[in-house]
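J.: Positions 1 to 195 (our numbering) are the ones given, in order, by the sequence shown.
The hints are simulated quantities; they were obtained by calculation from the structure and are not laboratory data. For glycine and all other residues, C-beta sits at the position ideal for the given N, C-alpha and C. Hints may contain errors.
Stated by the list, open to error - Computed beta-carbon distance windows for the label pairs:
id	residue 1	residue 2	range
1	Arg91	Ala170	31 to 37 angstroms
2	Gly66	Ala99	29 to 35 angstroms
3	Glu4	Gly66	17 to 23 angstroms
4	Asp74	Thr184	53 to 59 angstroms
5	Thr124	Asp82	40 to 46 angstroms
6	Val121	Phe71	19 to 25 angstroms
7	Gly137	Ala173	23 to 29 angstroms
8	Met38	Ala99	25 to 31 angstroms
9	Gly153	Arg56	36 to 42 angstroms
10	Gly66	Gly192	18 to 24 angstroms
11	Gly120	Arg91	41 to 47 angstroms
12	Asp74	Ala170	41 to 47 angstroms
13	Arg50	Arg8	33 to 39 angstroms
14	Asp191	Glu4	38 to 44 angstroms
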Amino acid sequence: VPIEVIDRAMTDWGFPVGPVTLLDEVGLDVGEKAGMVMHAAFGSRLAPSRVLQVMRADDRLGRKNGRGFHFYKDGRRTGPDDSVYRLLGVRGATGVDEAAIRDRLVFAMLNEAAMAMSEGVVRTPRDGDIGAIFGIGFPPFRGGPLRALDAIGAIEAVEQLERLARVHGARFAPAAVLQEMARTGARWYPDGGRR
1 VPIEVIDRAM TDWGFPVGPV TLLDEVGLDV GEKAGMVMHA AFGSRLAPSR VLQVMRADDR
61 LGRKNGRGFH FYKDGRRTGP DDSVYRLLGV RGATGVDEAA IRDRLVFAML NEAAMAMSEG
121 VVRTPRDGDI GAIFGIGFPP FRGGPLRALD AIGAIEAVEQ LERLARVHGA RFAPAAVLQE
181 MARTGARWYP DGGRR
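Hey, can you work out the whole structure from these sequences and the hints?
T.: This is the structure in structure tokens:
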């Protein structure tokens, strides 16, 4: 999938910057380290990124050393570095369904937010939503991942995740808490968040 398609799918949904550009900005070394920490905490559910490992082995840090997913000139991003596709052994596919890319990224994030709530990683839906807005740039107008799940509805979210799991594997299996919410009609904000 072309780098710019991944980024555009998320910026069109409301993120201030796409995930590939964000990795270049933060630093691929920082992204790799964060992935290792997440893997240590959550095991195979959040496995370290092979892509980041390959990029780091090629001495790519992103903007900080001028080599990442993008080209840089005088510290400014000038466009995608197509040599990344060869490095990773993939092709920048054409005719990609941007909505399908967005769904994979968004529903994986929403599912993980539900798991964070059910596992006690996050104390309240409001904490999770505020943390996502200020921590990862989740679109504020969507209210955060848990409020977004309420807007989508647990039934629809579970159906989308099951569809993604059939096509892309078990990592998209809906969280047990979402399945229960779909069964009972529960919401993260039962009063609509009016408190």
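J.: Evaluate each hint against the coordinates.
T.: Going through the hints against the structure:
1. Between Arg91 and Ala170 the Cβ separation comes to about 26 angstroms, which falls outside the hinted range of 31 to 37 angstroms.
2. At roughly 33 angstroms, the beta carbons of Gly66 and Ala99 sit within the given window of 29 to 35 angstroms.
3. Distance hint check for Glu4 and Gly66: the Cβ-Cβ separation is about 19 angstroms, which falls inside the suggested range of 17 to 23 angstroms.
4. Between Asp74 and Thr184 the CB atoms are about 56 angstroms apart, so this pair conforms to the stated range of 53 to 59 angstroms.
5. The hint said 40 to 46 angstroms for the Cβ distance between Thr124 and Asp82, and at roughly 44 angstroms that hint holds.
6. Checked against the hint of 19 to 25 angstroms, the C-beta distance between Val121 and Phe71 comes to roughly 37 angstroms, which is inconsistent with it.
7. Taken as a hint, the range 23 to 29 angstroms holds for the pair Gly137 and Ala173, whose Cβ atoms sit roughly 26 angstroms apart.
8. Taken as a hint, the range 25 to 31 angstroms holds for the pair Met38 and Ala99, whose Cβ atoms sit roughly 27 angstroms apart.
9. Remark: the range hint 36 to 42 angstroms for Gly153 to Arg56 is upheld by a beta-carbon distance near 40 angstroms.
10. A hinted range of 18 to 24 angstroms is violated for the C-beta pair Gly66 and Gly192, which are about 48 angstroms apart.
11. For the pair Gly120 and Arg91, the supplied restraint of 41 to 47 angstroms holds, since their beta-carbon distance comes to about 42 angstroms.
12. Range check, Asp74 to Ala170: about 45 angstroms between beta-carbon atoms, so the 41 to 47 angstroms window is met.
13. Taking 33 to 39 angstroms as the suggested C-beta distance range, the pair Arg50 and Arg8 does not conform, at roughly 23 angstroms.
14. In this structure the supplied range 38 to 44 angstroms holds for Asp191 paired with Glu4, their Cβ-Cβ distance being about 41 angstroms.
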